[in-house]
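Protein chains in written order, with the working numbering: chain H, 1 to 472; chain G, 1001 to 1311; chain B, 2001 to 2292.
Some hints here could point you the wrong way.
[To be verified] Capping the alpha-carbon separation at 20 Å, the derived lysine to aspartate or glutamate pairs in EDC-like fashion look like this:
1. H:414 x H:383
2. H:317 x B:2061
3. B:2026 x G:1170
4. G:1112 x G:1206
5. H:317 x H:423
6. G:1112 x G:1202
7. H:317 x H:398
8. B:2050 x B:2074
9. H:76 x B:2238
10. B:2122 x G:1304
11. H:450 x G:1170
12. B:2050 x G:1156
13. B:2211 x G:1221
14. H:349 x H:187
15. B:2123 x G:1206
16. H:317 x H:134
17. G:1112 x G:1221
18. H:414 x H:388
19. H:450 x H:183
20. H:317 x B:2238
21. H:450 x H:274
Hints listed in this document are in silico derivations from the structure and should not be mistaken for laboratory results. These numbers come from a predicted model, not from an experiment.
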Amino acid sequence: MRSSHTGGSPRKSGATSEFKNRRTFLKGSVATVAGIGLAGCSSNGDGNGSNGSGSNGGGDEAEIHVVTGETNQAAKQWFDRMANQFMQETGIAVTMDYSSLSPTERISTLIQTGNTPELATLDTGQAAQLAFRDQLAGVSELVGTFEDEYGGDVPDNVRLQMDGTDYTVPLWTNPTQVWYWSDVYEEYGLESSAALTWEEYQEIAAEINSDDMYGTVVPSATSSLSSFTFWNFLTSNGGSVASRSDGDVQIALDQGDNKARAVETVEYLNELHEYSPRASDFEWGDILQSFVSRNSAHSIYGPRAKLQVINNTPERKGEVRPHFPVHNGTEQFINNGGGWVLLDGAEYKDEARQFIEFTVRQNRLVDFLTSVAPVHNFPTIAEIAEMDEYRNSEFISENFRERDLEIVQESFEKGISWGGETEPYNQYGPSLFTSQELGTLLYNVNISGKDPEQAVSDTAGRLRDVLSNLQE
Amino acid sequence: MSIARFIDYIPQSVHDRVESDDRIIGTLFLLPVVLLVSFVVFLPVVWAVYNSLFDIGTLNPERNFVALGNYVDLLGADPMFWSSLWKAFYFAVGSTLLQLAVAVPTAVLLNKELRGIAVARAIALLPYLIPTIVVGMMFTWMGHPELGVVSNGLEDIGLTDGPMYFFGSERWAMPALIVANSWKFTAFIVMMVLARLQSIPESHYEAAQMCGASAWRQFRDVTLPNIRNVVLLVLLLRGIWMFNKFDIIWILTRGGPANATTTLPVYIYEIAFTQYRMGTALAASTLLFLLLVVAGVLYLRAFDPASEVET
Amino acid sequence: MSLVDYIPGLNPDDEATKWNRRRSAKRAANYVILISMSIMYFFPIFWMAKAALQPRNELYDQTVYYLPQEITFENFRALLVDSQFLTFYANSIIVALGVVAVTIVTSTLAGYALTRVELPGKKRIAQTTIFSYMYPPILLVMPMFLLWYAVGMTNTYVGLILAQSALTVPFSIWLMWQFFQTVPISLEESAWMYGASRLRSFFGIALPMAKPGLIAVAIFAFAVSWNDFTMANILMQEPSMRTLPVGVLFFTESNAVDWGAILSASALIAVPPLLLVYFLQRYLLRGFRVAS
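Pulled out of the complex, with its shape left as it was, chain H reads as follows (with noise of 0.2 Å):
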């Protein structure tokens, strides 16, 4: 584990010269325009400004600083807890910080503060960001534990895993279905099946696209929900967005077969947008708002659409069914996962594994699969997701059948991440999928009603500039 270590730290000591220097002109400037009025800033500046992260007073005292961006109810009450108890049981004090707008946003402010926190949950793509810019720690043996905690295995397509050393400890997993209204589809005669292909789902749509009712939503926007679907039907297509030649990662899209892929993804999301709203500017809520309201049939995205049928008109909850993502050949679809990350410039990392340690153990990680936005955010390992506290806990056994978690356990297995189409793992997979630019050519279509095969070429040329640029 050590090993994974020494690459870390000259950088990290060129950092902390660095951020002296910034602290010193920082104090420079303060002393000059506010005077003496600020000395016990820089004597504070003095008294830790030889460790990356200056916690304030600069004691012995460990605290662990945790950033998330699961802000709801349940996932503070879960996390209040553990810090609480962690707290009892070691001594050591956690700060929880519950960042409202995107966690990478806030652990930047902190990284360049220097208050690089200890951990933060983030998905794989946003744990991607900081893994390659080395800013994460190895977290191997944590998985290991975690593994060895469950009895299982944690599959390769929710780690995040750059040469041979795991940088998330994955706790759960978003793989994405097509959830429908069942009573719809009685009233069509129309029955759900394993996985559909792309055929028997566009003649479904057809069947029920009514003035009443769309029979899809075809998200056609520069939006994280349009970059998704594009994705992810490219992968059931058996296309790919990179892939790595001599070791370097490329962008495929418009490459060979390939292309022929992209292009007939690309017409076939067109079609199926004639059964779509003109979703122009789409992002994940208006799918859900969409679904909930009976403004679409069909939801292409994970179980959060039952959940919020669940919460909103849980009087239909029960007609809401999912079943396996379309695919044209190759049933294979996308799957974003995330779990806790370690940051690397941070104080107290020994304390913060220690955290993670203790959040996994005596499944208190079940209590959290099972009251954050359960399912939808589904068990990495499929021993937790057999066991009797996980399936028979209250809101799971009320409001999901059997069938249902299999299906969902299913589509997890046949999950790629943004970054699993190469091998190794391309780490630049998460900013080409929040580039938007996949998103930004479904607009370019099916809004804008550009060529397919000329959109796929710009899009490809666009994605070709960000990977330059992320390569520098």
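Dock chains G and B against the given chain H, drawing on the hints supplied.
Chains G and B only, in chain H's frame:
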């Protein structure tokens, strides 16, 4: 009553006594402001400008000095910088003019003594006090093309046929943003102009009426000169604030669709937090700052809203 | 007898009724404009309040109901009982009051000094304050956090009050400066004649006469503080110190928006502003009458 007549006769000693306190009082009165502004505004700006000379990754504490490298990249090799600057200009000018055009007549109307005017005033000022986050949520909710009240309402009264895509159309997103934004900020100008109108003594209008001045002439000769400075100041401020506006755009469109509403502040945010190039983002902010400073200086020179008013 | 009487066809009686008619037509027009304007301004707020009173299944109905079919307080109850909403509310009020106080004190003092006191370069000082609005605030938060953290003012009311006051004070000074200029110096001078000091005449004469400006400044300061997301988000990290605009985002669960909670929270957030503008603008009117 002719207090004015006394002025000439105020003994020098009185002036001397009062003015001897002035230095001290003036300094004491201004000191809190100078301290506050330099601590809260000046220092952070210095930090930001200084750091714009470095290559800084947003998620990375390391930094390399690149002098004006970030600026060269932006000005020379980044077409998005220029197009987003243009969109910021469109947004700022559109918003400011719309707000001004609605606000001045509204304020004049609200200055009248009509029944129920107290309620009308409260209603007109209220939007300004609603947090932008809430305004953004409200307009997202109302502006949903399929389920929102605007789209459905227009259809119900027969003005449109089918859903309206305000925030999801390249053509309409910017105008829709300007309207949503102005719903909130018009009230600011209304409030400032109304407060100024309230302090115009009634006698001025009575004098004008006695000379037989029409309503328009009263407005031109009495109202306008009195609100001139407030309007000019408010115009400058609204322009600056609208140029720097980020929150409501981000909530309503995130710069989309297809970058149609990516104004410079939105683009700066993207550089910083989706491209993770903090140094470049700081440079872009500094350029925006310099631009506003130059425009501000020219504006103050040209219109001089600081000129003393004599009433 | 005026010339008008001799012009044929212009009977003074006719003229009077015409004038009356024109006057009432004008009044009616004023009311029409006033009412349509009020509807335009108020509709979004009505719509939000209406949504907050609707049961969730009506919110998520495809049909748009212009009035609730059924009224429920469930959304409000959930908000007040289950969440930290009240804490956020109290924090917001404390901070807003603090900002209003700081702003009024600093801006009246400085505004008066700029108007009445001969100081070298005073106009430049006033102009420079405006330039403090010109740096895009989205990136200023990093240095601000650094500074606030260094002096231990993160997660404190004072820290946030000072930060938000920096947004309100520059403009408020200008405004007060403008308003003090409208107070005739002769009034103060006559007070000096009776032996009043500069301070006396400031509090006794200049301040009461600049009341409309003072109230505008108070509303402005309250609005800025009540609205502020950026600073509160960066400087108040501790959950129990959060303010409303930041707290309201807690009702969006990662990718999903809880509209029932968001809209009812929004409706409650609008209540203090409504009370404030209603009472302050009445006061504004009265202040004016005294002054004239």
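Here's how the hints hold up against the structure:
no.	hint	in the structure
1	H:414 x H:383	holds (17 Å)
2	H:317 x B:2061	holds (15 Å)
3	B:2026 x G:1170	violated (42 Å)
4	G:1112 x G:1206	holds (14 Å)
5	H:317 x H:423	violated (41 Å)
6	G:1112 x G:1202	holds (12 Å)
7	H:317 x H:398	holds (10 Å)
8	B:2050 x B:2074	holds (13 Å)
9	H:76 x B:2238	holds (12 Å)
10	B:2122 x G:1304	holds (14 Å)
11	H:450 x G:1170	holds (14 Å)
12	B:2050 x G:1156	holds (19 Å)
13	B:2211 x G:1221	violated (24 Å)
14	H:349 x H:187	violated (57 Å)
15	B:2123 x G:1206	violated (34 Å)
16	H:317 x H:134	violated (45 Å)
17	G:1112 x G:1221	holds (18 Å)
18	H:414 x H:388	violated (24 Å)
19	H:450 x H:183	violated (37 Å)
20	H:317 x B:2238	violated (36 Å)
21	H:450 x H:274	holds (16 Å)
Hints 3, 5, 13, 14, 15, 16, 18, 19 and 20, counting from the list given before, are not met by this structure.
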